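Numbering (this note's numbering), first residue to last: 8 to 473.
Don't read these hints as lab results, they were simulated from the structure.
Treat the hints with care, as some may be off.
To be verified - Below, simulated DSS-like cross-link-like pairs (lysine-lysine); rule was C-alpha separation at most 25 Å, straight line:
id, residue 1, residue 2
1, K100, K82
2, K166, K89
3, K134, K145
4, K111, K172
5, K145, K114
6, K269, K172
7, K135, K59
8, K112, K339
9, K145, K339
10, K178, K112
11, K73, K253
12, K82, K182
13, K37, K59
14, K238, K269
15, K135, K114
Stated by the list, open to error - What follows is a set of in silico ranges between Cβ atoms, one per label pair, in the way DEER data are often shown:
id, residue 1, residue 2, range
16, P214, K269, 35 to 41 Å
17, P214, Q377, 48 to 54 Å
18, K127, P218, 39 to 45 Å
Every value quoted in this text rests on a predicted model; they were computed, and no experiment measured them.
Using N, Cα and C, we set each Cβ at its ideal position, and we do this for glycine too.
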Amino acid sequence: MTDLKYDVAIIGSGPGGYVTAIRAAQLGFKVVVIEREQLGGICLNWGCIPTKALLRTAEIYRNIEKASEYGLKVKGLEIDLKKIIERSRDISKQLSQGVGYLLKKNKVDVIIGHGELSGKGQIRITKKTDQIENLSSKHIILATGARARTLPSIEPDGKMIWSYKEAMMPKALPKSILVIGSGAIGIEFASFYHTLGVDVTVVEVLPRILPAEDDEISELAREIFQKDGLKIMTSTTVKSLTKGPKNITATIEIEENLSKLKVDRVILAVGITGNSEDLGLENTQVKLDQSHIVVNEWCETDEPGVYAIGDLVGPPWLAHKASHEGIICIEKIFGQESVKPLNPLHIPGCTYSHPQIASVGMTESMAKKQGFDIKIGKFPFLGNGKAIALGEPQGLIKTIFNAKTGELLGAHMLGSEVTELIHGYAVGMSLETTEVELLDTVFPHPTLSEMMHEAVLDAYDRAIHF
Numbered sequence: 008m009t010d011l012k013y014d015v016a017i018i019g020s021g022p023g024g025y026v027t028a029i030r031a032a033q034l035g036f037k038v039v040v041i042e043r044e045q046l047g048g049i050c051l052n053w054g055c056i057p058t059k060a061l062l063r064t065a066e067i068y069r070n071i072e073k074a075s076e077y078g079l080k081v082k083g084l085e086i087d088l089k090k091i092i093e094r095s096r097d098i099s100k101q102l103s104q105g106v107g108y109l110l111k112k113n114k115v116d117v118i119i120g121h122g123e124l125s126g127k128g129q130i131r132i133t134k135k136t137d138q139i140e141n142l143s144s145k146h147i148i149l150a151t152g153a154r155a156r157t158l159p160s161i162e163p164d165g166k167m168i169w170s171y172k173e174a175m176m177p178k179a180l181p182k183s184i185l186v187i188g189s190g191a192i193g194i195e196f197a198s199f200y201h202t203l204g205v206d207v208t209v210v211e212v213l214p215r216i217l218p219a220e221d222d223e224i225s226e227l228a229r230e231i232f233q234k235d236g237l238k239i240m241t242s243t244t245v246k247s248l249t250k251g252p253k254n255i256t257a258t259i260e261i262e263e264n265l266s267k268l269k270v271d272r273v274i275l276a277v278g279i280t281g282n283s284e285d286l287g288l289e290n291t292q293v294k295l296d297q298s299h300i301v302v303n304e305w306c307e308t309d310e311p312g313v314y315a316i317g318d319l320v321g322p323p324w325l326a327h328k329a330s331h332e333g334i335i336c337i338e339k340i341f342g343q344e345s346v347k348p349l350n351p352l353h354i355p356g357c358t359y360s361h362p363q364i365a366s367v368g369m370t371e372s373m374a375k376k377q378g379f380d381i382k383i384g385k386f387p388f389l390g391n392g393k394a395i396a397l398g399e400p401q402g403l404i405k406t407i408f409n410a411k412t413g414e415l416l417g418a419h420m421l422g423s424e425v426t427e428l429i430h431g432y433a434v435g436m437s438l439e440t441t442e443v444e445l446l447d448t449v450f451p452h453p454t455l456s457e458m459m460h461e462a463v464l465d466a467y468d469r470a471i472h473f
């Protein structure tokens, strides 16, 4: 038994937890991070980073397959699945070690173990050796993240029904896969496996895929995916899964009609559940909304001195949202006057499929429902010289403006490298830009970013290249 005292204790070391810890240390607080598994959390170890490593492999494979279109002859292309997985895991390990270095550099203490609230300002830590440590902290920030949600009758078994973890470390490439759920996670896995030659079917219970995206972008994405050979079924429910010796038969319902689909493996990608259990919340005033902790705009719970950030407090479930919430939370605790609450509409979202999808702000339907008189601008990748030169002419950039004030309400993109472009609109929205500033901005040529300018020009009937 040991007793330690801190100014700030953070339970969880994902993008929310470790970023908050570093910022807290910069502000002069004595800080400790409590992590039960690996530094970096799900994002660095089992989410954002390793999946992007896998998708990079798929991108290179796709480009090599198309080499003849670029005047190159390639023979003997083979898939080394073991090496693909090793590269992904090595990258995660490297970044997790990097988090450890950053925490040490900023003099943040790290305790590996399970932390839970044990009294006012008190945390009980159980280590893997069953050794118990107690510490006290004036401020406690919960950043325990979330895990994959399951369906009542469909539970991952790690063998034939996969969660994201098994999907990232297959022992062999199956011939066919059913992906249940068409959000960012489902579509990314579908894109990865489809590119490597797996017969992939995506099933979505809602009327369209990527339901968080703008309707037009969602429909265009579906059109491109299907043209590329990906099978997509919307307004469809998986009623049950029946396991055989080597494959699974899914019973699928479409408009009250049942059908059967036999596949080798199933990937479950139907959202996430907050890790709010076993945190000692039962003896506090902390409130839960289903599995997520309820907080105010400063990430404060109803329990004085206890805060929560990131996936634990609900959507959007994004690493950069968690990091930003952590910064807001700790700077508010410090008393920094310039800190502002996070505007959810200013948080960009990215899907790293092929083609990529990125968005920020309101969709067209959201803007209309809120009563805005809007102007819409669009520009297709087919009208951009750089996109054609890259061999990536499929895509669209769409902008939405308040017709009365010129305020940029939203921007939505589909196409090559749009995840690297969306921040331009996000910066503009943060600066409360209008069409005037965007129209007057000089974009370099030849770049994909020129389409961002053209989409603004189009909203005001000034498009040049299409």
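Outcome of the hint check:
With a C-alpha separation of about 33 Å, the suggested pairing of K100 with K82 is violated against the 25 Å cut-off. The straight-line distance between the Cα atoms of K166 and K89 is roughly 17 Å, inside the 25 Å bound, and the hint therefore holds. The suggested pairing of K134 with K145 holds, with an alpha-carbon distance near 22 Å, which does not exceed 25 Å. Annotation: proposed proximity of K111 to K172 is violated, straight-line Cα distance about 28 Å (limit 25 Å).
Taken as a hint, the K145 and K114 pair is honoured in the structure, with Cα atoms around 18 Å apart against an allowance of 25 Å. A distance of roughly 22 Å separates the Cα atoms of K269 and K172; the hinted pair therefore holds under the 25 Å criterion. Proposed proximity of K135 and K59 is contradicted: the alpha carbons are some 31 Å apart, above 25 Å. For the given pair, K112 sits about 24 Å from K339 by alpha-carbon distance, which is consistent with the 25 Å threshold.
Our distance criterion of 25 Å between C-alpha atoms is met by K145 and K339, whose separation comes to about 14 Å. Proximity of K178 to K112 is assessed by CA-CA distance (about 38 Å); at most 25 Å being required, the pair is judged violated. Our distance criterion of 25 Å between C-alpha atoms is broken by K73 and K253, whose separation comes to about 33 Å. With a C-alpha separation of about 23 Å, the suggested pairing of K82 with K182 holds against the 25 Å cut-off.
The suggested pairing of K37 with K59 is violated, with an alpha-carbon distance near 34 Å, which exceeds 25 Å. Taking the CA atoms of K238 and K269, the gap is about 14 Å. The hint holds against a cut of 25 Å. Between K135 and K114, the direct Cα distance comes to roughly 24 Å. Compliance with the 25 Å bound is thereby established for this hinted pair. Judged by the Cβ atoms, the range 35 to 41 Å given for P214 and K269 is violated: they are separated by roughly 25 Å.
About 21 Å separates the C-beta atoms of P214 and Q377, a value inconsistent with the hinted range of 48 to 54 Å. Checked against the hint of 39 to 45 Å, the C-beta distance between K127 and P218 comes to roughly 42 Å, which is consistent with it.
Checked against the numbered hints above, the structure violates hints 1, 4, 7, 10, 11, 13, 16 and 17; every other hint is satisfied.
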